[in-house]
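Peer 1: What follows is each chain in one-letter form.
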Amino acid sequence: MNKFFPAKAIESVCIGKNFHFLRLTPLEEIILPIYGQFYMLQCGETYDPLLKRPFSIFDYDATYLEFLFRVKGKGTSLLSQTKKGQLVYLLGPLGNGYPQPPGDFIVVAGGIGIASLMPLLKFHQKRAILFYGARNSDELVMRDRVSEMAKHYYFSTDDGSIGQQGLITDLFFNFLDSNGNLTNLPVYACGSTPMLKTLREITEKYHIICYASVEEYMACGIGACLGCVIKIKNYDDISGFQYSRVCKEGPVFALKDIFW
Amino acid sequence: MENVKPDLTTKIASLTLKNPVMTASGTFGYGEEYADFIELQRLGAIVVKGLSYKPKKGNPPPRLIETPCGILNSIGLQNIGVETFIKEKLPFLRNLQIPVIVNFFGDSISEYIKTAEALSGVKGIDALEMNISCPNKEAQWCIFGTDARTMREVIEAVRRVTNLPLIVKLTPNVTDIALMAKIAEDSGADAVSLINTITGMAVDIIQRKPLLANVTGGLSGPAIRPIAVRMVWEVCKAIKIPVIGMGGITTYKDALEFLIVGAKAVAVGTANFFNPRATIEIIQGIENFLLENNISHINQVIGSIKL
Chain D
1 MNKFFPAKAI
11 ESVCIGKNFH
21 FLRLTPLEEI
31 ILPIYGQFYM
41 LQCGETYDPL
51 LKRPFSIFDY
61 DATYLEFLFR
71 VKGKGTSLLS
81 QTKKGQLVYL
91 LGPLGNGYPQ
101 PPGDFIVVAG
111 GIGIASLMPL
121 LKFHQKRAIL
131 FYGARNSDEL
141 VMRDRVSEMA
151 KHYYFSTDDG
161 SIGQQGLITD
171 LFFNFLDSNG
181 NLTNLPVYAC
191 GSTPMLKTLR
201 EITEKYHIIC
211 YASVEEYMAC
221 GIGACLGCVI
231 KIKNYDDISG
241 FQYSRVCKEG
251 PVFALKDIFW
Chain P
1001 MENVKPDLTT
1011 KIASLTLKNP
1021 VMTASGTFGY
1031 GEEYADFIEL
1041 QRLGAIVVKG
1051 LSYKPKKGNP
1061 PPRLIETPCG
1071 ILNSIGLQNI
1081 GVETFIKEKL
1091 PFLRNLQIPV
1101 IVNFFGDSIS
1111 EYIKTAEALS
1121 GVKGIDALEM
1131 NISCPNKEAQ
1141 WCIFGTDART
1151 MREVIEAVRR
1161 VTNLPLIVKL
1171 TPNVTDIALM
1181 AKIAEDSGAD
1191 AVSLINTITG
1201 MAVDIIQRKP
1211 LLANVTGGLS
1221 GPAIRPIAVR
1231 MVWEVCKAIK
1241 IPVIGMGGIT
1251 TYKDALEFLI
1261 VGAKAVAVGT
1271 ANFFNPRATI
1281 EIIQGIENFL
1291 LENNISHINQ
1301 VIGSIKL
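Chains D and P are the protein sequences, given in the same order. Residue numbers for the first sequence follow this note's numbering, beginning at 1 and rising by one. Residue numbers for the second sequence follow this note's numbering, beginning at 1001 and rising by one.
There may be inaccurate statements among the hints.
[Claimed, not checked] Which bits of chain D does chain P cover? Going by a derived footprint, with three or more residues having C-beta under 8 Å, they are:
| # | region |
| --- | --- |
| 1 | 18 to 26 |
| 2 | 42 to 53 |
| 3 | 216 to 223 |
[Claimed, not checked] Here are the computed distance ranges between Cβ atoms for each label pair:
| # | chain 1 | residue 1 | chain 2 | residue 2 | range |
| --- | --- | --- | --- | --- | --- |
| 4 | D | Glu-28 | P | Lys-1005 | 25 to 35 Å |
| 5 | P | Glu-1117 | D | Gln-86 | 35 to 45 Å |
| 6 | P | Pro-1060 | D | Glu-45 | 30 to 40 Å |
| 7 | P | Leu-1179 | D | Thr-25 | 49 to 59 Å |
| 8 | D | Ser-192 | P | Ala-1213 | 14 to 24 Å |
| 9 | P | Asp-1204 | D | Lys-8 | 35 to 45 Å |
| 10 | P | Gln-1284 | D | Glu-28 | 11 to 21 Å |
| 11 | P | Asn-1293 | D | Lys-84 | 34 to 44 Å |
| 12 | D | Asn-2 | P | Phe-1092 | 20 to 30 Å |
| 13 | P | Asp-1204 | D | Pro-194 | 16 to 26 Å |
| 14 | P | Glu-1088 | D | Ile-238 | 38 to 48 Å |
| 15 | D | Gln-125 | P | Pro-1135 | 36 to 46 Å |
These are computed hints drawn from the structure, not numbers from a lab. We put the CB at the ideal spot given by N, CA and C, even for glycine.
Produce the entire structure from the sequences given, and follow the hints as far as they go.
Peer 2: This is the structure:
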């Protein structure tokens, strides 16, 4: 079984203005991922862009791999032009993934962060309380597909076009305030750094365990380049932190361990 | 003519490589990172991530950014240090039965000496590659390898404390690379390798800030290859010791350019990041090229440039 393999695009569709969905069939037998792991996908066939791009696995089984991503720069724009039937080269599964939830759990997703959390919802149907926020209803992408897997779900948008107007972390905080009995559930999160920072304040206040998937520029994805490091607390070091590789020790870290 | 498997054997000082393809330091970790993707035993040699005597934390992120056909990085020489390397990484490398070349550096001459001494006489280390593209804290943090006098001093100092084959890795950020190569040769180097990354900078035009936390970084990848080929050619003409060529090698054709201008071996760097099988594909490609062109030995390619 190979971790570097070609796959054929069997579905490649734009979702709204800014997102793209890709469903691939691996042409070789693959190693099944665990939720929260990621793949490096080749974007285009030239040296520009040079590097593969990292994407969390959105959904999978032994016969397909799905990716949902925001079209943001040169690489993602090229990848979004993938035609049905076209070959895409992938490297993966990579990274550590989320720990298995012990029972019910909470999911907090900011925008496209939902892509990384989807497999948790899928493989633990009706076990998660989902908080999913984005700028507007267009960016609350795939909300029907993900919310039907949750036990309960809550949406928020910055403009109020769907769900509650405001930040998802505010919605989550208010929810905890009125459901004190749920503060024993672990939280799984993926979203922007400001979202994760606010989430840390909330989860620390309530002493809730929170696992967060983070993102960094990455060259190799396999731990060799040391390009994707973030600061992780380490009290044995005089500075109080160490650098850990997002691709290897991550992308999932205990939120309390991140050194901000 | 009979299709006999061509001989790819090449020599770097006292090392015999079964083929001329090695890895470039800093792009291949300690080897084990690539074990999932290739048969490491097939490599000509393995060059590990640069070591300092003590572990080094490296630079704050962002540490790398992509530029057209290249990468700009300022990892800051993060590494686990000599002791941990010998204890935890070397046993795996030793088992591969291919030459293991350890890249190392220091921020002062005494650090270089200490590190070279600690790496010498250790079973499983076959050669040292000396990174001189780093700052010297005893001389206003100027780069060892860009100042002829300091460069001579540090190479001579290391030469005195090790019997291992000593490869000096040259920085391209100099006016006359051939002159620097000559100094390395005169100072006791057994071989030189080049080029290290070219110093560059990229700017976020909205924030008006550098894209790397360290402001500047080293450029690598296909973007720098023609510069590297030119420099390797200039160096090959100037010195007698073997030259290891590198800089943007991505395919076997790129590797052949370096060999033709005179490099005895090549190193594959940034390509490992986007194609973890690059080294093996390049070895296979060179072999096929020789076969198709009825060339029986790689030596017939090395230095065969027609001017």
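Peer 1: Evaluate each hint against the coordinates.
Peer 2: Hint check results:
1. 18 to 26: With 0 residues closer than 8 Å to chain P, the region 18 to 26 of chain D misses the three-residue bar; violated.
2. 42 to 53: holds (count 7)
3. 216 to 223: With 6 residues in contact (Cβ-Cβ under 8 Å with chain P), the coverage given for the region 216 to 223 of chain D holds.
4. D:Glu-28 to P:Lys-1005: 25 to 35 Å: The hinted range 25 to 35 Å holds for D:Glu-28 and P:Lys-1005, with Cβ atoms some 28 Å apart.
5. P:Glu-1117 to D:Gln-86: 35 to 45 Å: violated, 55 Å
6. P:Pro-1060 to D:Glu-45: 30 to 40 Å: holds, 34 Å
7. P:Leu-1179 to D:Thr-25: 49 to 59 Å: holds, 57 Å
8. D:Ser-192 to P:Ala-1213: 14 to 24 Å: Because 19 Å falls inside the window, the suggested range holds.
9. P:Asp-1204 to D:Lys-8: 35 to 45 Å: holds, 37 Å
10. P:Gln-1284 to D:Glu-28: 11 to 21 Å: Holds, at about 19 Å.
11. P:Asn-1293 to D:Lys-84: 34 to 44 Å: Taking Cβ atoms as reference, P:Asn-1293 and D:Lys-84 lie about 41 Å apart, which means the hint holds.
12. D:Asn-2 to P:Phe-1092: 20 to 30 Å: With a Cβ separation near 21 Å, D:Asn-2 and P:Phe-1092 satisfy 20 to 30 Å, so the hint holds.
13. P:Asp-1204 to D:Pro-194: 16 to 26 Å: With Cβ atoms ~18 Å apart, the hint holds.
14. P:Glu-1088 to D:Ile-238: 38 to 48 Å: violated, 23 Å
15. D:Gln-125 to P:Pro-1135: 36 to 46 Å: violated, 56 Å
The earlier numbered hints that this structure contradicts are 1, 5, 14, 15.
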